[in-house]
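Participant: Residue numbers (UniProt numbering), protein chains in the order written: chain A, 1 to 651; chain B, 1 to 651; chain C, 1 to 651.
The set of hints was computed from the structure by calculation and includes no laboratory data.
Since we're looking at a predicted model, the values are computed, not measured.
Each residue gets a CB set at the ideal place from its N, CA and C atoms; glycine is no exception.
It cannot be assumed that every hint is accurate.
[As the list claims (entries may be wrong)] Once the Cα atoms are required to be at most 27 Å apart in a straight line, the calculated DSSO-like pairs of lysine-lysine come out as:
(1) A:Lys55 - B:Lys283
(2) C:Lys283 - B:Lys283
(3) C:Lys283 - B:Lys277
(4) B:Lys55 - C:Lys176
(5) B:Lys92 - C:Lys92
(6) A:Lys277 - B:Lys176
(7) A:Lys55 - B:Lys277
(8) A:Lys47 - B:Lys173
(9) C:Lys176 - A:Lys173
(10) C:Lys277 - A:Lys277
(11) B:Lys92 - C:Lys283
[Stated by the list, open to error] DEER-style ranges, computed between Cβ atoms:
(12) C:Glu44 - A:Glu468: 52 to 62 Å
(13) B:Lys92 - A:Arg15: 55 to 65 Å
(14) A:Thr522 - B:His636: 49 to 59 Å
Listed here are the chains, written in short residue letters.
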Amino acid sequence: MLGVCYYPEHWGIERVEEDFGRMKELGIEYVRIGEFAWSRIEPERGKFNWDWLDKTLELAEKMGLKIVLGTPTATPPKWLVDEHPEILPVDKDGRVKNFGSRRHYCFSSSVYREEVKRIVTIIAKRYGKHPAVVGWQTDNEYGCHDTVRCYCPRCKKAFQKWLERKYEGDIEKLNKAWGTVFWSQEYRSFEEIELPNLTPADPNPSHLLDYYRFASDQVMEFNGLQVEIIREYSPGRFITHNFMSGFTDFDHYKLSKDLDFASWDNYPLGHTLVFLKMRGETKNPFDRVGHPDIISFSHDLYRGAGRGRFWVMEQQAGPVNWAPYNLWPARGAVRLWTWQAFAHGAEVVSYFRWRQVPFAQEQMHSGLLAPDSAPSFGYHEVKQVFEELKNIDINEPVKSEVALVFDYETAWVFSIQPHGEGVNYLDLVFRFYSALRGLGLNVDIVPPGSSLEGYRMVVVPSLAIVKEEEALETFKRYSGPLIFGPRSGSKTETFQIPPEMPPGLLKEIIPVEVKRVESLGTGNVEVLLWDGKKYPVTIWREDVDPTIAEVVARFEDGPGAIFRKENVYYLAFWPDREFLLDLFEKLMKETGHVVRRLPEGVRIQKRGDIVFAFNFTPEEIEIEIPEGSQMILGDHKLPPYSLAIWKETGR
Amino acid sequence: MLGVCYYPEHWGIERVEEDFGRMKELGIEYVRIGEFAWSRIEPERGKFNWDWLDKTLELAEKMGLKIVLGTPTATPPKWLVDEHPEILPVDKDGRVKNFGSRRHYCFSSSVYREEVKRIVTIIAKRYGKHPAVVGWQTDNEYGCHDTVRCYCPRCKKAFQKWLERKYEGDIEKLNKAWGTVFWSQEYRSFEEIELPNLTPADPNPSHLLDYYRFASDQVMEFNGLQVEIIREYSPGRFITHNFMSGFTDFDHYKLSKDLDFASWDNYPLGHTLVFLKMRGETKNPFDRVGHPDIISFSHDLYRGAGRGRFWVMEQQAGPVNWAPYNLWPARGAVRLWTWQAFAHGAEVVSYFRWRQVPFAQEQMHSGLLAPDSAPSFGYHEVKQVFEELKNIDINEPVKSEVALVFDYETAWVFSIQPHGEGVNYLDLVFRFYSALRGLGLNVDIVPPGSSLEGYRMVVVPSLAIVKEEEALETFKRYSGPLIFGPRSGSKTETFQIPPEMPPGLLKEIIPVEVKRVESLGTGNVEVLLWDGKKYPVTIWREDVDPTIAEVVARFEDGPGAIFRKENVYYLAFWPDREFLLDLFEKLMKETGHVVRRLPEGVRIQKRGDIVFAFNFTPEEIEIEIPEGSQMILGDHKLPPYSLAIWKETGR
Amino acid sequence: MLGVCYYPEHWGIERVEEDFGRMKELGIEYVRIGEFAWSRIEPERGKFNWDWLDKTLELAEKMGLKIVLGTPTATPPKWLVDEHPEILPVDKDGRVKNFGSRRHYCFSSSVYREEVKRIVTIIAKRYGKHPAVVGWQTDNEYGCHDTVRCYCPRCKKAFQKWLERKYEGDIEKLNKAWGTVFWSQEYRSFEEIELPNLTPADPNPSHLLDYYRFASDQVMEFNGLQVEIIREYSPGRFITHNFMSGFTDFDHYKLSKDLDFASWDNYPLGHTLVFLKMRGETKNPFDRVGHPDIISFSHDLYRGAGRGRFWVMEQQAGPVNWAPYNLWPARGAVRLWTWQAFAHGAEVVSYFRWRQVPFAQEQMHSGLLAPDSAPSFGYHEVKQVFEELKNIDINEPVKSEVALVFDYETAWVFSIQPHGEGVNYLDLVFRFYSALRGLGLNVDIVPPGSSLEGYRMVVVPSLAIVKEEEALETFKRYSGPLIFGPRSGSKTETFQIPPEMPPGLLKEIIPVEVKRVESLGTGNVEVLLWDGKKYPVTIWREDVDPTIAEVVARFEDGPGAIFRKENVYYLAFWPDREFLLDLFEKLMKETGHVVRRLPEGVRIQKRGDIVFAFNFTPEEIEIEIPEGSQMILGDHKLPPYSLAIWKETGR
């Protein structure tokens, strides 16, 4: 189903009726409103202006549109900031961040939390049972503009309390956990502990990791406050939050537990550009459409976070304003993205935004309509999707052959001590994910500790910290091919090298011992020999004692590179794409599932027995469709930036 | 005529007489002194040391040298700063900038303004009618070292007042003008408004634009204070200020209105290097002489700002100290630059500085003399110019075939929301300007709203904000070819997209509608087809509905690229040099003026019926001189880094 | 002899005995302990925990290990910082640096100095005469993490006092010395002087130079305090400090005067990477072994600073954690480095660290043992060295053919006004040093003013400030080839251009005059013609009047490039490697000493009549060994990363 993000406060109530009418024509069912509108709702403390919002909801009800109401807590108004400047966040350099854009608040501020409770209660009470309101979005893009980690005095106090709870009031536990004997960092009480910024040398990594956890928890608590209130006053409505792509500053799985489903904001062009830049790549063949796997990674991640359910809450529908440069999308891209989201299980794709706003920060961010209300290119593609949707039932759940274990703490561990310039968890994960997708496999992205039952194969690009109670048991129970990447099991819960040496607890299932590791410079290319082929190894390599594991493959200079015990594999290096394609192809074959490599830029995704094929290239590409399949959309010739859908009758 | 910058306070009065004598021999008529000398004039509050300055002026009078007296306000002395630390500026990051170099003051500080009035009054009273004093320079290089925009509490208050005046005390006007409904940025009073720095996300662009205008106005007011006092106490003397090259942080046209003429400081090697770096160019064929068009752009700009009159107040005469690297100029370059300045209408070329100072920050900045008083290479070239000048009368005014409309607000609009990495107003302007110069055309650089009468062609690289009363009327009245570049008319006065869509008010004369725009990455090269040729398009492209305009040319993939209605053209892209050369050649021809491309590095400039040809290359280049011309200097073979001058008798 | 760095406080006393036993087996004689252990010694003010340290020393004594005791002053504990937050340092941007890593103190803090005196006295009294304690290390790596130069209010006061002493209480002397008349920077009292940070434009270079000297002196005083106390309470024990590589923020010669010998911390892989990066080089053929000359430069420098005596206090023995990327060393490298150190005169090579610590900041920094106590690769190589050492007597002093004058003030002068992007003193020095080493020459690195007697040749890559009493006299007395590089003699003691023009006082021995200088961009390659060959000149060039000196060589475009008067040479440019090899070869030959170029990556070093040959390449290399030599280790075929040692009987 289709939705749209809309800001009645920008246009005046007089235009809402017409806009709602046009939305209906376009097939829009859901309209998200209200996030960012605090100053319109409560222009000064205690004085409320409900008129515009009352009328908007009334019209929505009348016209049969379903409203997703956003809480306006991402933008506390000026009067509130002036009353309580202590809610402003402080950055890593110690600078207070000021009013004048958005997200100018500290998550742990108790003052701000009270204000949030107050405004959310008032709004939830007023509209919680309104027939037009079908659900809620809390706040907006938690953490955007680097706002998860605040370094204000309030955070310091809250962090001390958090530590006191974690270490059960015993400072010696913390001293031991952090190894503070090193460099005379020992503390005598929790009150002595500082925030880990502005130190002459690197802060203690255990200190940082606990601080990152604390900061992540603050977001969770902040969101939890809102959820609790909304649940009370708005029974039967869903609650979600719109996450971002490639953002790991808080644990999205944990936060999602409080939500009915996850949502995310899909801006393929900018996300692809930013991701490739992070990797140091200078060419971008997908610059007008986005890399299919960078996009679908988030679909699969948030489907996992949402326990099978997710929305695209904001879908790019034209050129945006925030990337290093801002191309307009290729013709067909908006339709392609929409179908791709549905193929990966999205329940709703909601475009951002209805109409380009001619003022303020995002005036160069396009909408379905231009500022003068003329339909943009994207508009017509949405229309086409709407028509196509009428004839297709895609409500089957996504079932995946492969699970990929993705872990926020591992992202933090890698970022705290990368040990080398190119060492980035997201890059490593993407290599695994993209190779699986290049073989046409459906992938579930799951947190450590999830049940792995029913998957043909499980890949763990890296899991730095293995917690017995959570992950290890699920790994032990799993009998299919289970592949661990480098640095797995390399740290204890408090960022120490495990006493039993890496891979720590994983030794139970893959009995090897990592003796030392190295990060490689751009000039260092090592060579892996496997199955008669040579593969380049860059970025990372480990020196591993196989102990009783089998050495499946070696580096050209001798030492083992791939290790195996029964169904479990350990890769002692940063794998390249070609190797992963070969490895996964072979392992899948061994499970009895023959896969084939898809052409560059072509992707397959299955939802029940419906198969989708996407062409993210500017060329027509011919694909093979199993005989007897029943075509639903398109055919075996995929036009540029287009797709085909069929039903596999033989499955 | 020739001048020099001199610092008697550095050398002691005993050396001044000898120095003045050598200046006379070299043909120097004007000597600028005094700027930066506050601590020598007033070593402590209220105690004055006039002796050295009295004697310097006395000697100047005796020896027939004309003094340009600088006000010393760029360098408040330590005692003043210690009395009033609140005059120190605050940078964007919130850091107070300290005493110890120069420009350590905030333009809006009322305390500092009082001090400025006091010292300028005292100096102007004392020397205003001195026979040696022929003119004044206010302060020095306003804005150097990024000092126009200050973020101190005084500026915040002053900005609030400025806004209150602009929006007539009506905060709702401001809220509407800035679109503060977006992201709950609404204000209830002017006292609530912050300075636009240290926000988590980008500040509101309207907020920024008004702040940039405010900051520009502060410079204007600061200068105005000084001008008013000097006018009172120094009747009949001129007042000027020495501007910089490529600097757009305040509106030089507006400030110049208070001056008798504009001056600027010409450092060709560094300016060329900095400009090419900004453009991302790595090669610099002009590294020992400077790019002729980068130099003459400022000549033409400040001739415009000075309403036909300008000086070069500081002319590089050897290697300097401040560029990323500092070559010495090619032999001949100092002479070449001097003649180039005269060709573009400079009244005086004043070298920086008389003698290299062996101490403090600029000790590696050369002068006409080395620290031991030995003549530098530049010295001999100045001598040559002096001899050559004796036989040449170049006092005719510069008349130009083409006007280029240059606008400071457009520079601010581009910098506030560039929308892409290479999108820079100065780069765009330079493309237009340099193509015109490459065709041998004289160019006037004028502000929007200037009369365009008498020009064969008018180019507007971009004019983001079109103000009806100013610019639009002059465009309407103009009947020659009038070419607008991209983003023209793209914003309202308060940085909104015009309700009628871009190009906004320009639609009256060029009825097209810009539907969407994109900025291009370095890998994106689009193709323009025009007149049987293909041209690359980089950086920027627009999607334009021609409405009733003629589509003159299209992009290779279909949409219109150049639009025309009668005499008015709109270019929906960032044009490349080759295209602009072809376009301007063709349009000039249509006006009956045949132009020819000059060899790379050769430039022609006319002053009355005197024609100058300059060779900025290390090779001899032969040029064509119209038959019957009367040679004044050189001949048709231009030696490396040299020139020829002739009188066109047939004109 | 061999040593190791050990942290009993990390492991608990119960493991010390076993560790000491294994050290003995490995041939370790010296164990450095205690630096960083303040919080373990004094967990709260006045409460001491001596037990672990008492027992450690007792065990050492019992087992015959010699202890080097570190003072723990690099890491003031939290309780001290909380009592006296004013000891925290302030960085150039004005930010207070916080507790949580190390080196969080200001060198000039009188409060901290009192604390340092207190703790050092207590420790020195307790252990000063302990039989196991043979020596002391003060603090740890002074200046690491950019901590020499602090910008706190205490430093401001102390700097004012320092200036008052230097300028004998006469502010006018300072005004003259700094040239404060420039830009009205004049001071009326020492109390007015600020620290040279946060100025809008560059601070006065004389101000900076004096501030750098002041900061260097603070380190000296801080160290002096400790030395004085240790001398009193620990008679007969040596005192040293572990310096870093390529670090010039304080004068290591001056500080070393208070020490018995110098030590340094040798991390070849990281140092090579950082040095090449500084030079803009992208290839690193020595990435797994380090550049031999980058390593031995520090050996030779600290042998000079230590007046013939030095240790390697920390020797990399495996992969480390702090470089841009962290490779493991090639097999053989640890042995190679150890022998290289001995060849250059090291008395002890002490590995860092005994066992990799599994927690805190340096957990990815390897040791001789892995965290689980398994021997690392390095361990076995140390074992090999220990065996080899048994048969070799290398106690002869290092005698060098060439002296290279290295000067910390010149490093400061270059960094304060580099005048161009690639202009770096260490790069210049390295060019001279590495060319000498490439010819198989032993090099002594000496401060200006050292006796130059007995050297066949003396090179001075640059000596910006020539002080009559110190350096000039030694140059005058020296009669061998004496080669000065560019910028020599270019500044007075207070950073002014000398009144007699550069090379200032050096004119007495090399009568030339530098008229002007230029720094070259990457695109500017000038050409030197010498001895029938052409050499590229980059980075720097000078325009020199030979006066009465001989012009030995010229630039291709005419002016002189190499000048000579009798035995003294002046190079008016930044020389390239090939030229320096040719020059030094020729000049050495003229002294009667024939040298030959060594293969790339091969180095020779002599200690008495023992000759060492090192192969830093991955290939076997054959070398020539003089007939009649007596082989001690290896032969003329040097295996990869290996060495040979022989006795020259004919010498």
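Participant: If you check each hint against the structure, which ones fail?
Facilitator: 1, 6, 7, 9, 11, 12 and 13
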